[in-house]
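> Here are the chains, one letter per residue:
Protein chains: 2
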Amino acid sequence: MEKLIYRFNNKGSQSSLNSKDILGGKGANLAQMAKLGLPVPPGFTISTKVCEYFYKNNKKIPKKIISQTKKEVSIIEKITKKKLGDLSNPLLISVRSGARFSMPGMMDTILNLGLNDKTVIALKKNTSNGRFAKDCYRRFIQMYGSVVLGIESYLFEELIENFKLTKGVIKDTELNEHDWDGLIKNFKEIIKQKTKKNFPQNVNEQLWGAISAVFLSWNSKRAKIYRKINYLPDHWGTAVNVQAMVFGNMGNDCATGVAFTRNPSTGKKEIFGEYLINAQGEDVVAGTRTPKNLLSMSSSMNKIFLKLKKIFNQLEKKYKDMQDIEFTVENNKLWMLQTRSGKRTARAAIKIAVDMVQEKLISKKEAILRIDANTLDTLLHPTLDEKAEKKIIASGLPASPGAASGKVTFSADEAERLKDQMQDTILVRIETSPEDINGMHAAKGILTARGGMTSHAAVVARGMGKPCVSGSSGIEIDYEKKIFKSGNYIIKEADIITIDGGSGKIMLGEVPTVKPDISGDFSKIMKWADKYRKLKVRTNSETPADTKIARDFGAEGIGLCRTEHMFFDEKRIISVRQMILSKTLDDRKNALAKLLPYQRKDFIEIFKIMSGLPVTVRLLDPPLHEFLPKTEKDIDGITKELNMSNQSIKSRISELHEQNPMLGHRGCRLGISFPEIYKMQCQAIFEALAECKKKKIKPVIPEIMIPLVSTAAEIKILRKLVDETAEEIQKIHSVKIKYYVGTMIELPRAALRAKDIARYADFFSFGTNDLTQTTFGISRDDSGKFLNDYVENKIFYKDPFISIDERGVGELIKVATERGRMQKKSLKLGICGEHGGDPSSIDFCEKTKLNYVSCSPYRVPIARLSAAQAYLKKINNFN
Amino acid sequence: MEKLIYRFNNKGSQSSLNSKDILGGKGANLAQMAKLGLPVPPGFTISTKVCEYFYKNNKKIPKKIISQTKKEVSIIEKITKKKLGDLSNPLLISVRSGARFSMPGMMDTILNLGLNDKTVIALKKNTSNGRFAKDCYRRFIQMYGSVVLGIESYLFEELIENFKLTKGVIKDTELNEHDWDGLIKNFKEIIKQKTKKNFPQNVNEQLWGAISAVFLSWNSKRAKIYRKINYLPDHWGTAVNVQAMVFGNMGNDCATGVAFTRNPSTGKKEIFGEYLINAQGEDVVAGTRTPKNLLSMSSSMNKIFLKLKKIFNQLEKKYKDMQDIEFTVENNKLWMLQTRSGKRTARAAIKIAVDMVQEKLISKKEAILRIDANTLDTLLHPTLDEKAEKKIIASGLPASPGAASGKVTFSADEAERLKDQMQDTILVRIETSPEDINGMHAAKGILTARGGMTSHAAVVARGMGKPCVSGSSGIEIDYEKKIFKSGNYIIKEADIITIDGGSGKIMLGEVPTVKPDISGDFSKIMKWADKYRKLKVRTNSETPADTKIARDFGAEGIGLCRTEHMFFDEKRIISVRQMILSKTLDDRKNALAKLLPYQRKDFIEIFKIMSGLPVTVRLLDPPLHEFLPKTEKDIDGITKELNMSNQSIKSRISELHEQNPMLGHRGCRLGISFPEIYKMQCQAIFEALAECKKKKIKPVIPEIMIPLVSTAAEIKILRKLVDETAEEIQKIHSVKIKYYVGTMIELPRAALRAKDIARYADFFSFGTNDLTQTTFGISRDDSGKFLNDYVENKIFYKDPFISIDERGVGELIKVATERGRMQKKSLKLGICGEHGGDPSSIDFCEKTKLNYVSCSPYRVPIARLSAAQAYLKKINNFN
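Chains as they are written, first to last, in the numbering used here: chain A, 30 to 908; chain B, 30 to 908.
Treat each hint with caution, since some may be false.
Which copy is meant is left open, so a pair is good if it fits within one copy or across any two.
To be verified - In silico DSS-like pairs for lysine-lysine, Cα to Cα no more than 25 Å straight-line:
(1) LYS669 - LYS903
(2) LYS577 - LYS553
(3) LYS250 - LYS745
(4) LYS85 - LYS745
(5) LYS448 - LYS745
(6) LYS784 - LYS876
(7) LYS745 - LYS853
(8) LYS154 - LYS110
Bear in mind the hints are in silico, worked out from the structure with no lab data behind them.
Could you put the whole structure together from the sequences, leaning on the hints where they help?
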């Protein structure tokens, strides 16, 4: 018989495989804790497989698990000496979701199951605590009502709030047993009214309803969005964990808490957690009561605190990773409810990885693989300039580090709308809930008025690598008026603020930033990564400033220096335009002669900075019309400067107009039509090299790149032009210059004809932006109109402009690599599209055995780490 | 030792291989005639290989052929009993070019070589004809001067013309020996003046100069252009034929002529030729004297005429093809100078092929292979409507059949310029010369005032399949004023005229045309072709008129019915615009409901015509903005009709604007974003089918085609939509409809992922227009700006939008075919790009084992023939 249910309790666990795939993350970790002999409330896990059967069975509980489930409940009953629905000693249980991958707050949970009008009386008697028993019952009705029966939970909350208002009290704890009795009556009335049925008194009906609800929550809207954002597949399904309840809210010898074994924000090795005396776990997570620092438990519950510290160590040793833990103390007995690998900031990830290597918990290779390269982004971007003047208007908890500026917005939908308009926002909420997930994803940063360091906002923001300041209790948010107040400041929607998630400060306006510091642990990890990677990492850069940043970040050369950006400079654009508007070759040559000294100077500066390293210079690529003026005013402007008639300029502009510029007269097609342009550029490069040589600067290794080649003939012709120019300049300056000539592979035909093309190329650089555009037939500029429909419809699993489409574009890259190397073993291969800084694309480049990747300066460290990870994963696969 | 020179004379020939590659066309045929025992002036052929050596040897005669050449000359001397440069009995020789492929008039020839101041005296003595001898000498100086020494030939012509003016005569024949003596002196002075050297008296110097000049003429500008137009490679090179001179201008028992063994215009089996008594061949070809019909030779030179007739038969039997022959009669002795396969019109090609099958000269298969499918185009286009009123202004010789209308233009350059502007022209010239070749290529038709049926204009026009009226002696052309007169008519440049190359008539204005007749021999060839072809031939058509034409032309279904063309109809466009401008789904559905009846009606009409055959309907493909108004006026127009503000229409237009519409929101991307549009179209198709069924019309086999697919998910989703719609309609109308769903393969990724895509597709149709655009990254709309540079630079051998680029695009087609069939053996494969009507692309489709090609209605017969040729070539290759 197929094993679908796995038991865990004080005797250990049935799971020998410890597999998250079957048990889900929570179930696997509960099983593991039971095996370690930790105090886990007895229970069992219904496997993810059953979730699949559930959906196949028309969203009904599959028959085959019914008797097994009953048997497992009876085992819990035996251990706890309680019985589900028993009138004298009733067992209460929790029913929780648990997918392969943690989806915090996205799926449903039911607590206190087993209570009804009769068992609640037994609970009162056994605990001698009527208020506690009734509170449990109303919580259960409330949860069951909203999760299983689909009643909007604000209806219950409203009743409580109204009652407190009438009674003139503020906190729930101020309500007594009698008060809860009345509310229980009201809650049941709502259920009767909305569902036309009474609240179920049958405990088995309760159980099956709760299990079904957990399975159904796998496909709730918010769970689906979360999976979409995190690229998780829909077919995995969730497991269901059924466990005996333990209570942190039975009195002052009870407590509940969450903890990280290290500081998830800084990575420091210290206990980091929060707890509440006499509370259930949801009170901590939801942020409705502000919890205490866990360290203070050493005075309130010292024995438990010491036990916890020991368990933390035990779990870290077992999992070799920082753990995120939930626990409950019931009448002075500690129960472990959950452990999992804790989410952390990029900075913390680095510190933890480095520390654990020093603690000999993990190897350097493991440390490298432990860091999500994508999250490094948050560390590589500028931080607030300490010297800048700041108008601090409020402060809160430093929940997720990093600085962000943007327009204040009060709703998730608005944040999303503004993101589509390319506007930066700060999402400001009293507290966040799973419904806000879209908006949190869209915003640059998150600010909440309530909630601690482990509140929803804090946890999710850290997971997303977004700056977050939580629990900024000094601010007053008015959703209706769309303002928030802080002292005398009134901040309106669309006002710009800056938040610093590292310090918890909130500032008015946009605060200037400075370059990040990448020394210390960061640099240690980078050095380890460099040791293990095979791929070289270059940068895409065309300004001295960017080139300097990239080299500081460890770039090993330039993989793409776009020469056209140099043309847009104010002083030059007029000569560029003159060149384009020329009617004769001679006029064009005159205009080019004016551009030559500028280009030469550009190259000299860049060559100095990249001294000793390879620099790939791409010759002019965009269609000429991009350089021409667009507005009447600009056209008028150049008529004077160029002494041409308005009419003749306009006619040339309309002559150069293209239907599809992306597929137009650009790239090497310009070099074929106007060889004098490419010749000028080559002259500038070689003269710059000659100049460097004269000044005894260690030369760069120049790689001259011909763009948009689709046939061998193009590069054959243009290579000849480069070679002839090189020869001329070498003769004039009596120098010997070593250089390479190669091509971008950015058209499907170039990939297919790579063998011919390699005859004339010393290197290929995959221009994956254009290659993706032409392979898919999608213009990136225009794709916004339908890309969303494509992601919604699961046509694109990932945006192919972010991560290489391995099955389509990737096949062309593989084909070009094989055929190119077949022709020329020494062919150097790299990638210079924006994919060059994307970890999963870098993984593909390593698998495909390219020589280097090239990415934007700020992504160079990400690429260095990703390259090491890719190599380590690869050799692991083949060892 | 490598054999580089091949002898031919009355003893036969040295060539055993009869290879045009080595001997060139002319040399191979001379060798063949010698073998047949025909009277060929003795000589030898210097092989094409030597041309290669010549260019490698810095354009100098390679040493290794010098002694061989001398030996061969001595053999001619032995046979003719004359000696080169001999003072008493001098040998005169001709030096002619001869490439693998006939390039009429494109390369150089030197006649009468061996004459100098001394040998001319011997010639005079031996022929007792001083005038003849001096005429020969001046011709030789003139030819040698222009061809070898590069002096512009008009300088010589001018001298003759001036002299005739002074003397008061009109024809050359009115000049006597003394006159020529004077002109010879003047000619030699020009040479001295231009070259700073005397005209060479050394006969060996003359010989090497002439051979070099022939080799050099291989790379003359006009020869290069000719090869470019005809897709001939530059590396073939030319052979050189050196032969003893024979003279048609030694008196009235001499003559020279050219002849076709059948009528090259109609194909009729009759001797068709022209000759001149007492003339050299150039006089006939150049059109300077109007020659006589060859049939009249039966009275003037009956014995020679009978001999010629016998030789014509002999040659046709040997070559199994209609021959184009040159001959000379010297003192009543017939000499054969050339035979080659004759150029002919498409109509003649068909008649000759059919006749030769009936004469048992060739098989049906050979007949099929004998016809250049591309030339059929001229027969398939409308001819002049006999009933239309015509204002005939002149007439001439029906030199090349077909009718053409266009603007009168008097220069080749102007014709070319206007073609670039998409304007039709008729090139009107006194006579044409090889320099006019570009303009003849650009013009729709050619009209000359001088020259016969074998003049340059006539021969070239027939080769190009262009209508031509030659020798229209009634018209007077004034190049300077840019007019021509005919009687009282004065036709100015840019006036429109129509020429009918079948009747020789010239008409004012544009004359209406009627559908061509494709019965008789044409239909016979088509039936034979149908027997031998494997590929089915369908048509691209979306109007009932075109569909009818295509079916009459033998189309076996529709391969591409574009539904968007149906949207542009005046009555519908407003609903289309309303649909696009809709802000809500409901508004859009309302607008679509209005379009439904129109679409249904369209389909019913087409389905009736194609009854019983497959019809592939492509769902909406172009981006929606194509349907929106472009001008202010049009926008104003619809504001009223749609009751929308001008501003909101403009904002929607700008919202829909795309940078690169070719790669934008179009094709199935529309179907994903707006499924209701595709649903309406499917509904129209299925309702039309139900309607046909009710009316007992034999149903078409509908194939619903999803455009621009790049992933399997797209077709999976949209196929579901089609299937669901089909089910609905079948239920409503209680009918059972058989249909297929498939996709266009028009993006590189679709080709690569063909295996996945085939899971959801019953057929693939290769959209080679877009596939070529994306594979090359070239927008066809914009390629005009550089395509010319690409052809000039030999980057494109052929325009990839005309013939499939087999090595790039073709690889993707092959990959898609293999992978698609791997998934689904029954997958039906076709091509519907414009390549579907191009013979060389059809050849590729046969090799790739597609099931059908689809082309424009007028190309259906071309495709039928090409498909048969492709199959016959293929089985020949593999038998």
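> Which hints from the list above does the structure break, by number from lowest to highest?
Hints 1, 5 contradicted; others consistent.
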